[in-house]
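Student: Take 463 as the starting number for the sequence shown in the numbering used here and just add one per residue.
One should not assume that every hint holds.
To be verified - FRET-style restraints, in silico, Cβ to Cβ:
#, residue 1, residue 2, range
1, 577, 672, 46 to 56 Å
2, 577, 464, 16 to 26 Å
3, 489, 464, 23 to 33 Å
4, 569, 473, 37 to 47 Å
5, 489, 626, 43 to 53 Å
Claimed, not checked - Computed cross-link-like contacts, DSS-like style, restricted to lysine-lysine with a CA-CA straight-line distance of at most 27 Å:
#, residue 1, residue 2
6, 542, 725
7, 704, 669
8, 689, 653
9, 638, 689
10, 505, 653
11, 721, 506
12, 477, 506
13, 609, 475
14, 512, 494
15, 714, 475
16, 581, 571
17, 554, 669
18, 542, 653
19, 494, 598
20, 571, 699
Hints in this document: simulated from the structure, not taken from any laboratory.
Beta carbons are placed, not taken as given, at the ideal position from N, Cα and C, and that holds for glycine.
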Amino acid sequence: AHFMEKINWKVGKEKDFQFYIRHLPILGNFIKIQRPPSKISAKKLESLAKKYHAFAVQVNYSPTKTLQLDLTLPLDQIQKQMKKDARYEIKKAEKNKQSLLLRNKIIVKQSKDIELFIKIWHRNALRRGFWIPFGKEIRSIYEAFGKNAYLLLASRLSPVACHPVVAGALILFSDKTAYYFHAASTPEGRKLSAPYLVVWQAIKLAKRQGCQIFDFEGVYDERFPQKSWRGFSHFKKSFGGKEIEFPCSFTKFYNPILKFISKLQIPI
Numbered sequence: 463a464h465f466m467e468k469i470n471w472k473v474g475k476e477k478d479f480q481f482y483i484r485h486l487p488i489l490g491n492f493i494k495i496q497r498p499p500s501k502i503s504a505k506k507l508e509s510l511a512k513k514y515h516a517f518a519v520q521v522n523y524s525p526t527k528t529l530q531l532d533l534t535l536p537l538d539q540i541q542k543q544m545k546k547d548a549r550y551e552i553k554k555a556e557k558n559k560q561s562l563l564l565r566n567k568i569i570v571k572q573s574k575d576i577e578l579f580i581k582i583w584h585r586n587a588l589r590r591g592f593w594i595p596f597g598k599e600i601r602s603i604y605e606a607f608g609k610n611a612y613l614l615l616a617s618r619l620s621p622v623a624c625h626p627v628v629a630g631a632l633i634l635f636s637d638k639t640a641y642y643f644h645a646a647s648t649p650e651g652r653k654l655s656a657p658y659l660v661v662w663q664a665i666k667l668a669k670r671q672g673c674q675i676f677d678f679e680g681v682y683d684e685r686f687p688q689k690s691w692r693g694f695s696h697f698k699k700s701f702g703g704k705e706i707e708f709p710c711s712f713t714k715f716y717n718p719i720l721k722f723i724s725k726l727q728i729p730i
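Work the whole structure out from these sequences, hints included.
Tutor: Dropping the structure here:
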């Protein structure tokens, strides 16, 4: 909610869910409901639209499919549920962590340098052809979560490295769930298996902080295929866990003109 306020949404609350309101010029108010815990009736949506004079209400499930680890299990049990390649990469990265060869030595630490993470994330996103959120968005999320936002950075301890940080992840804690919200790595970091070590350290951190679930914040959904999601989904799935599917997102229009256009299936 604090993050949405930072990007100019008004926050409202019903008994079972929060909702967000933004005023759009000419059209009026737009209401967004993100991941409600249970189904909301059409009558309730209409009531909200009337109360706040909204031209549309969107119920958003994004991502539509995710992967969750049960952190109530012992760490050795969590690791046993991982695929063989993930266990191998973690072991490899931990060997690099203890390496006597400085060029291979990596270490994962908590950091508050969000600007450095943003730079790495942008370079990573450009390379993979992803949409790049403004640095302001990542920064706002980090600031809004405050003490519940943890930034983990993996550094290569080499005096000749131009960019010693080779991987990182922004982890958000809420309601005993740790969200693997943003992550990035360099080609060098992937060679050193740094992303695997970052996730493993994040899992251990979340467990120490009393979280019961580690949510990977989205994996490839066959219902809405996006080729670019396959690679990192394979990486996430190597850690095991349970796949969770959410209903399709939808937008209900209450403005007569927009309602008519939506029935014609004309993009708005």
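Student: Now tell me if each hint is right for this structure.
Tutor: Hint-by-hint comparison with the structure:
Roughly 29 Å separates the CB atoms of residue 577 and residue 672, a value that falls outside the hinted 46 to 56 Å. Taken as a hint, the range 16 to 26 Å holds for the pair residue 577 and residue 464, whose Cβ atoms sit roughly 20 Å apart. Take residue 489 and residue 464: their Cβ atoms lie about 26 Å apart, and the range 23 to 33 Å holds. About 39 Å separates the C-beta atoms of residue 569 and residue 473, a value consistent with the hinted range of 37 to 47 Å.
Restraint check, residue 489 to residue 626: a C-beta distance of roughly 48 Å satisfies the suggested window 43 to 53 Å. For the given pair, residue 542 sits about 50 Å from residue 725 by alpha-carbon distance, which is inconsistent with the 27 Å threshold. Annotation: proposed proximity of residue 704 to residue 669 holds, straight-line Cα distance about 17 Å (limit 27 Å). The suggested pairing of residue 689 with residue 653 holds, with an alpha-carbon distance near 23 Å, which does not exceed 27 Å.
Distance check on the hinted pair: residue 638 and residue 689 sit about 32 Å apart at the alpha-carbon level, beyond 27 Å; violated. Among the hinted pairs, residue 505 with residue 653 is inconsistent with the structure: their alpha-carbon atoms are about 54 Å apart, more than 27 Å. The hinted pair formed by residue 721 and residue 506 meets the criterion: a straight-line CA distance of about 18 Å does not exceed 27 Å. For the hint linking residue 477 to residue 506, the alpha-carbon distance of about 12 Å falls within 27 Å, and the restraint holds.
A distance of roughly 23 Å separates the Cα atoms of residue 609 and residue 475; the hinted pair therefore holds under the 27 Å criterion. Annotation: proposed proximity of residue 512 to residue 494 holds, straight-line Cα distance about 14 Å (limit 27 Å). Our distance criterion of 27 Å between C-alpha atoms is met by residue 714 and residue 475, whose separation comes to about 19 Å. Taken as a hint, the residue 581 and residue 571 pair is honoured in the structure, with Cα atoms around 18 Å apart against an allowance of 27 Å.
About 22 Å separates the Cα atoms of residue 554 and residue 669, which keeps this hinted pair within 27 Å; it holds. Among the hinted pairs, residue 542 with residue 653 is consistent with the structure: their alpha-carbon atoms are about 23 Å apart, no more than 27 Å. For the given pair, residue 494 sits about 21 Å from residue 598 by alpha-carbon distance, which is consistent with the 27 Å threshold. This hinted pair checks out: residue 571 and residue 699 have alpha carbons roughly 24 Å apart, not beyond 27 Å.
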